[in-house]
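The lines below spell out each chain.
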Amino acid sequence: MIKKPFEGVKVLDFTWIGVGPRSISYLLYYGATAIKVESALRPDAVRHATPYKDGIYGLERSYRFAYLHPVKSYDITLNLNHPKGVEIAKRLVGWADVVADGYTAGTMEKWGMGYEDLKKIKPDIIMLRTCMHGQTGPLAKIPGTGFTLTALSGFAAITGWPDRPPCGLYDAFTDSVVPLFNALYLITALDYRRRTGKGQLLDLSQHEVSMHSIAPLILDYDVNRREPKTKGNRLDYAAPHGIYRCKGDDRWCAIAVFTDDEWLSFGKVIGNPAWTKDPKFATISGRKQNEDELDNLVEAWTSKHSPEEVMALMQGEGVGAGVALNLKDLYENPQLEHDRCFQELDHPEMGKLSLYQPPGFTLSKVSYERHRPPLLGEHNEYVYTEILGISDEEFVQLMEDGVFD
Amino acid sequence: MAINEGMLSPYRVLDLTNERGFICGKLLGDLGADVIKIEKPGGDPARSIGPFYHDIPDPEKSLYWWAFNINKRGITLDIETADGQAIFKKLLKDADVVLESFDPDYMDKLGLGYSALAQIKPQVIMTSLSGFGKTGPYKDYKAPDIVVWALAGEAYLTGDPDRGPLSPSFPISYIVAGAMQAAIGTMVALFHRGITGEGQQVDVSAQLSLVPFLGPEPPALWEQDKTIIARQGRFLRRYQGASAAGKAAWVDAPMLYECQDGDISFVAFAGPGVGESTAALTRWMASEGMVGETLGAVDWMEFEWQTVTQDVVDEITKDFNRFFKAHTKAELFEGAQERGIMIYPVFTPKDMLEFSQLAARNYWVKVEYPEGEAAVTHPGPFMAAVGAPRAANRRAPFIGEHNEEVYLGELGLSRHDLSILKQAKVI
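From first to last, the protein sequence lines are chains P and D. Per the working numbering, residue 1 is the first one in the first sequence, and the count goes up by one each step. Per the working numbering, residue 1001 is the first one in the second sequence, and the count goes up by one each step.
Treat the hints with care, since some could be wrong.
The calculated lysine-lysine pairs, modelled on PhoX-like cross-linking and capped at a C-alpha distance of 20 Å, are [unchecked claim]:
(1) D:Lys1350 x P:Lys231
(2) D:Lys1142 x D:Lys1121
(3) P:Lys268 x D:Lys1142
(4) P:Lys247 x P:Lys288
(5) D:Lys1226 x P:Lys352
(6) P:Lys365 x D:Lys1134
(7) P:Lys90 x P:Lys110
(8) P:Lys365 x D:Lys1121
Heads up, incomplete: computed chain D residues facing chain P, CB under 10 Å, no partners named [said to hold, decoys possible]:
(9) Ala1152
(10) Gly1153
(11) Phe1269
None of these hints come from the bench; they were simulated from the model. A quick note: this is a predicted structure, and the numbers were derived from the prediction, not measured. Cβ coordinates follow ideal geometry from the N, Cα and C atoms, glycine included.
Start from the sequences and build out the full structure, keeping to the hints where you can.
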């Protein structure tokens, strides 16, 4: 068997909700060992989140928690408000290569586990810290959410129809953007440590990383004092460029025509009706000038066909088109099936779970592994007695003292 | 030779990507890799993407190019010619990574596919980004950004409920998902090579990369009772478990509100801990006499979205709407910070550039461009790394700016060679 790249890398995971777990997941897909530190008194908040398996509440029954933890991890409960709890956490730091912290700035310091403290325990530790505004500055300690960050990072302002206020993106979009930056920097820091022996603090502001995605719009304001406009589905250098109504209930297909050659192919697909020969549509500037009329004509055609048919016909002639897939469609999509997007795994309480968050890439020499989410405190005994070497008697005593609450 | 000092400084990257993959090489360059952007002679077609510096549509003035090609050097090379391919193979000898985002079989057709490159340099990592990856039923499909957005399930969930699916007006499918996964995959492969010595191919699908952006909610509701959720626009939907009929039940409350001069984001969290923000807002509203009977009766520490009716939510929303409409973005933001309320403006770039938190962290970087009267502001270091050098910032390259540095200084070509290649339009 080929060795997984991160085999032997140990992660002590103090993160919760969405961003932190997804940030370290790339290490876990490829062989790292992680211990997720929870508390029975205050489990990962997503364990409480609806919906639950069979609609019955339970800490092991939240679908959201399951989807956010598709990788193998040990799970322990530890009461960090108990002095002995902090002592044990610090011993685990000695075990770890990476400590991941997703709390609001200052929380780890409260427990005596800021970066400087960790460095004393393990000089080459890598500490990944991810919070809304970073660890410094006047707003460092303000808690954040992905909803807020989606507004702060510009994603909300760039999505909408021109005749309405921006409608923003679905759900907490930056909760998906940020983990990719975090993962990139974390792996980079591990590679740097592998070569130099040096650890470091990665102080990542979720706001700061997200804005990189829309950098040209920031330059546009800086240089030209222009604010972005919402344009519906239109793009300055393509027409038709939209998501058009198709036959069926709430069925839609995206079509994008960039070049005049693609325009001719588009005409061919729809049977070259007279209007496609109108000179006013012959060039990109003509199509842009008459775009309202063009979009109506396009939709008059698409609405007579299923989106699958539109996509197949367009792609068959080299015109970019794609069905606006809903969730059911995603499960049935042949390309996603080919890429093993969804993988069914057994869960002790939830039964069969179809986990769906694989890496977006395939490596030719290394495969990744998914795993069902860990149960709360599932590995207490293993971690405390086997990894830390706590004796059975002491383990029982600490349990009775409430250290593992 | 100007190589950035940074965590990835030992690595050299040959970057053949188009606009779909620019940010991948840019981030590796930010982290210190020596990234050489290889353009077609005459310049990369993506230099025609606006906006432009002072609105002058010139390939050297594309702000899109500037933003995503900072921290790279730039050379021109036509890899469709035999001479160009020979030079590319020479460049490969000192390179660690090749990035490309052409159609899936383009590099193979040129004889520059992974297996050909691995024969010359077995340790090379070749990262290919495309709409659907190199295999599978859609591999030859055209994959412009909006098509990826649709086929990843994002479009169906984006937009107002009374209109069709929507995509961002600034296309981001490749930028936020595919190109990021390309960077992560490249780093996993580099780490693997550090241990084993072997290179490999990284095949990235933009569709597969974007699907997880749906988050955990849509599949959860599907698993629960086969509910297919659609567009919710400016609203956040709170699910209340399955109804008596076995179908999902919910209430809708806004997460975006209009204020006097724009929009703000506010989510009315309830319950211990998180409810304090909403309670503080209610107190602020009460001090201005803008709390109605229904809202006045709510204790945000006890309130449960799980059991509330839509009528109650609408009453509460009416008060929030009225209060926000009576204030400006700045008033709400400042007042919220003083009171510990999670109200944030819907930021535009202007708001970002004026945001005090970013200034306090020295986030923005001024980059000098020769013809500019002033330096241009770019998003800056994404982290304050302690214990590792931070990459310096260099502006995006002009067309062929580093041809001499690379071809003469590093590859050992003569001026005579260079002159011939230039006249033959190879560089």
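Hint-by-hint comparison with the structure:
1. Of the supplied pair hints, the one linking D:Lys1350 and P:Lys231 holds, its CA atoms being roughly 19 Å apart against a limit of 20 Å.
2. At roughly 31 Å between alpha-carbon atoms, D:Lys1142 and D:Lys1121 are farther apart than 20 Å, so this suggested pair is violated.
3. Among the hinted pairs, P:Lys268 with D:Lys1142 is consistent with the structure: their alpha-carbon atoms are about 17 Å apart, no more than 20 Å.
4. Simply put, P:Lys247 and P:Lys288 have alpha-carbon atoms about 26 Å apart, too far for the 20 Å limit, and the pair is violated.
5. A threshold of 20 Å between alpha carbons decides the hint, and for D:Lys1226 with P:Lys352 the separation of about 15 Å falls inside it, so the pair holds.
6. A distance of roughly 15 Å separates the Cα atoms of P:Lys365 and D:Lys1134; the hinted pair therefore holds under the 20 Å criterion.
7. With a C-alpha separation of about 13 Å, the suggested pairing of P:Lys90 with P:Lys110 holds against the 20 Å cut-off.
8. Taking the CA atoms of P:Lys365 and D:Lys1121, the gap is about 16 Å. The hint holds against a cut of 20 Å.
9. Checking D:Ala1152 against chain P: minimum C-beta separation of about 7 Å stays under 10 Å; hint holds.
10. Because the smallest distance between the Cβ of D:Gly1153 and any Cβ of chain P comes to about 5 Å, under 10 Å, the interface hint for this residue holds.
11. The closest approach between the C-beta of D:Phe1269 and any C-beta of chain P is roughly 8 Å, which is under the 10 Å cut-off, so the hint is satisfied.
The structure fails hints 2, 4 (numbered hints given earlier, in ascending order).
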